[in-house]
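**Q** Line order of the protein sequences matches chains A and B.
If you count the first sequence from 1, position 183 lands on 183 in our numbering, and the numbers rise without skipping.
If you count the second sequence from 1, position 334 lands on 334 in our numbering, and the numbers rise without skipping.
If you are wondering where the hints come from, they were derived from the structure by calculation, not from laboratory data.
Just so you know, even glycine gets a beta-carbon here, dropped at the ideal spot from N, CA and C.
For the chain B half of the interface with chain A, some residues (derived, Cβ under 7 angstroms), not all of them:
(1) S406
(2) I414
(3) A434
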Amino acid sequence: MVSYDALAKGVMAGDASVVESEINKALNEGAEARDILIKGLIGSMSIVGERFRDGDMFLPEVLASADAMHKGLDIVTPLLADSDQKGLGKVVIGTVEGDIHDIGKRIVGFLLQGNGFEVIDLGVDIKGEAFIQAVKEHKPDILGMSALLTTTMTNMGKVIDLLKEGGLRERVKVIVGGAPVNEEFAKSIGADGYAPEAGSAVELVKKLVAS
Amino acid sequence: MIRVNQKFNKTPYFEILSEDQIDAIHSASLEILERTGIRVHNEEALEIFSAGGAYIEGDRVRIPPVIVKQALKSAPSRILVTGRRGKGKVLLERNVVNYGLGTDVPYHIDPYTHEIRPTVLKDIENIGKVTQKCENIDFTSNSGLAADVRPEMQDLYHYKAGNIYCDKPFFTTAANGENMKALIDMATVFAGSYENLRKAPSLIIYGEPFSPLTLGKEATEVLLVCAEYKIPIVFPPMVQMGATGPMTLAGSLAQSNAETLASLVVHQLKSPGAPFIWGPFVGMMDMRTTICCYGGPVIMKSQAALGQITRFYNIPTFGFACVTDSATIDVQCGMEMMWSTLINALAGLNLCHDVGYLNSGLLFSLESLLLGDEIISAVNHFMNGIEVNEETLATDLINKVGPEGSFLSEENTIKFFKKEGWYPHFLNRKNFEAWKKEGSKTVNQRLEEKAHKILKEDVPPLISNDTMKEWDKIIAEREKKLA
Numbered sequence: 001m002v003s004y005d006a007l008a009k010g011v012m013a014g015d016a017s018v019v020e021s022e023i024n025k026a027l028n029e030g031a032e033a034r035d036i037l038i039k040g041l042i043g044s045m046s047i048v049g050e051r052f053r054d055g056d057m058f059l060p061e062v063l064a065s066a067d068a069m070h071k072g073l074d075i076v077t078p079l080l081a082d083s084d085q086k087g088l089g090k091v092v093i094g095t096v097e098g099d100i101h102d103i104g105k106r107i108v109g110f111l112l113q114g115n116g117f118e119v120i121d122l123g124v125d126i127k128g129e130a131f132i133q134a135v136k137e138h139k140p141d142i143l144g145m146s147a148l149l150t151t152t153m154t155n156m157g158k159v160i161d162l163l164k165e166g167g168l169r170e171r172v173k174v175i176v177g178g179a180p181v182n183e184e185f186a187k188s189i190g191a192d193g194y195a196p197e198a199g200s201a202v203e204l205v206k207k208l209v210a211s
Numbered sequence: 001m002i003r004v005n006q007k008f009n010k011t012p013y014f015e016i017l018s019e020d021q022i023d024a025i026h027s028a029s030l031e032i033l034e035r036t037g038i039r040v041h042n043e044e045a046l047e048i049f050s051a052g053g054a055y056i057e058g059d060r061v062r063i064p065p066v067i068v069k070q071a072l073k074s075a076p077s078r079i080l081v082t083g084r085r086g087k088g089k090v091l092l093e094r095n096v097v098n099y100g101l102g103t104d105v106p107y108h109i110d111p112y113t114h115e116i117r118p119t120v121l122k123d124i125e126n127i128g129k130v131t132q133k134c135e136n137i138d139f140t141s142n143s144g145l146a147a148d149v150r151p152e153m154q155d156l157y158h159y160k161a162g163n164i165y166c167d168k169p170f171f172t173t174a175a176n177g178e179n180m181k182a183l184i185d186m187a188t189v190f191a192g193s194y195e196n197l198r199k200a201p202s203l204i205i206y207g208e209p210f211s212p213l214t215l216g217k218e219a220t221e222v223l224l225v226c227a228e229y230k231i232p233i234v235f236p237p238m239v240q241m242g243a244t245g246p247m248t249l250a251g252s253l254a255q256s257n258a259e260t261l262a263s264l265v266v267h268q269l270k271s272p273g274a275p276f277i278w279g280p281f282v283g284m285m286d287m288r289t290t291i292c293c294y295g296g297p298v299i300m301k302s303q304a305a306l307g308q309i310t311r312f313y314n315i316p317t318f319g320f321a322c323v324t325d326s327a328t329i330d331v332q333c334g335m336e337m338m339w340s341t342l343i344n345a346l347a348g349l350n351l352c353h354d355v356g357y358l359n360s361g362l363l364f365s366l367e368s369l370l371l372g373d374e375i376i377s378a379v380n381h382f383m384n385g386i387e388v389n390e391e392t393l394a395t396d397l398i399n400k401v402g403p404e405g406s407f408l409s410e411e412n413t414i415k416f417f418k419k420e421g422w423y424p425h426f427l428n429r430k431n432f433e434a435w436k437k438e439g440s441k442t443v444n445q446r447l448e449e450k451a452h453k454i455l456k457e458d459v460p461p462l463i464s465n466d467t468m469k470e471w472d473k474i475i476a477e478r479e480k481k482l483a
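In isolation and in its complexed conformation, chain A is listed as follows (with noise of 0.2 angstroms):
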């Protein structure tokens, strides 16, 4: 039985050069690819999303250890089977259109790929044929918008309705969020969810894809 927790504390770290060490060590000692993946890095990930939720941790320590838990996966995903490769799963985000506020969408962003997922950032003043464009292209498991204005916020429903148009609609969750956005907008526009801030949503993107 391999112990993750040296490797656990240099994600918490932020120090990528613990984090290849130890999972070179573990490697040497007969680890799984697939162990070292879920015990040791999603499950050293957790740790930090829970540490910042509970304000034990601040966002910029949460970024680093995002990257050093990268650092881990650069190592470990070539060495998964095919069918772990897939990791835990896929989402495209951006900002609606006619908004280009950026800041918030990109914390989810970071904070989702610190968690094992792919992300694939549209950027900002995204029209709504470029996120159908992107459902097709990515075939993602879910797909963020963010607005941060009332006026742009309508924008979201007019995105799920081409969803809808085109025949995507069940092939994707989709998530809101932003300042303005609440729960009960969320479910007027017929969105699948909605978190307040970017720690919920990682904890909201992981029951999503779990369901």
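Here the structure of chain A is known, so what remains is to put chain B in place on it, guided by the hints.
**A** Quick look at chain B alone, frame taken from chain A:
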């Protein structure tokens, strides 16, 4: 290349009086001392004043400016107090602000039932336990008058209880000269000798003259014993405007100044160079309730003036932090605690005490202490000012990140997010939905949870059995004499 003719502010800079106003107050104090004088109810003090050149008429002492000048000259401008185990430091020196607890509070808010009840020794132990955990609190105190021991012996029991779980410098009171000596003996159990205790004092004593213009018997005994053993003492008159001093702030400042100068004179005549902390308390009496106000703008003005007056004298100063007239932790409490701390810090006062008090010093609450720790943390952050240099201006970084970029993953952010940002333990920073999800908790609830958590922790006492035995011996001897 070199940038020249630069002047940078390390901290905010603040004053309420001009030099001429300070001089006018000082001059009025000298007039009060020479013309009106003070009444002294202590034989030894009368002899000292007489031998020092004051004019004595019965128990009335009039003090000429020349003696005042001598006292101001011999009083030290710097006092260093350390915890009894050499840890924790209180540096009382021009513009160095230290925070801690106050001494004698009759009532305690029970941390579990929130019932207001008399303080007991166990509360004083618990106060030490919580104070030890408060990272912004520099010195501790009994913060209570234990109702479960006889009043004549309270001070010695307070010292014992307050030191069990806390090793920060201890601020306390003594009932009279003999108890003061016993307290010194208790502190000497750690120091090893009176000489060592003199060189590195671990306690600070509080006593006070009576306003207006009177030195009481016991308080003066304590003052003179502290002078003899060179134990730092703060001796603040409590002037209540309109009751124990004139209703005008300038007049009350001048009178309290005179009272403090008289105390300093006898203290320095007894033992030149002994450490003395300047500390009048000039507040208004609320003419509707007769309460001596700790909150509100009047005392803020007098504290602001006090900072400047003591810089003029160059003597360490008493101050306040986190004080309020509110009887509970509410909006009033938050408002008054915050700005009392900020103003005292801006004034550059040295020994800022009374953290944990409520209701003008009638109540103590562990939750108020924890809230105070957070307020001090915020004020300290503000007082650290704005650092302006090449690294903090960060133009290279701004250029690197550029339009529509993000600073989140930059090294500069990791390096500075704690130093340039500020993070509370108890204040809410969650958006309302996340806040509701976690039970819509108020600051009060979070403070209560933290207090319970600390009280439940099983921490070992910081006092050895041998020390405890030595202390009990000193206490028993004093009990015997009083019997």
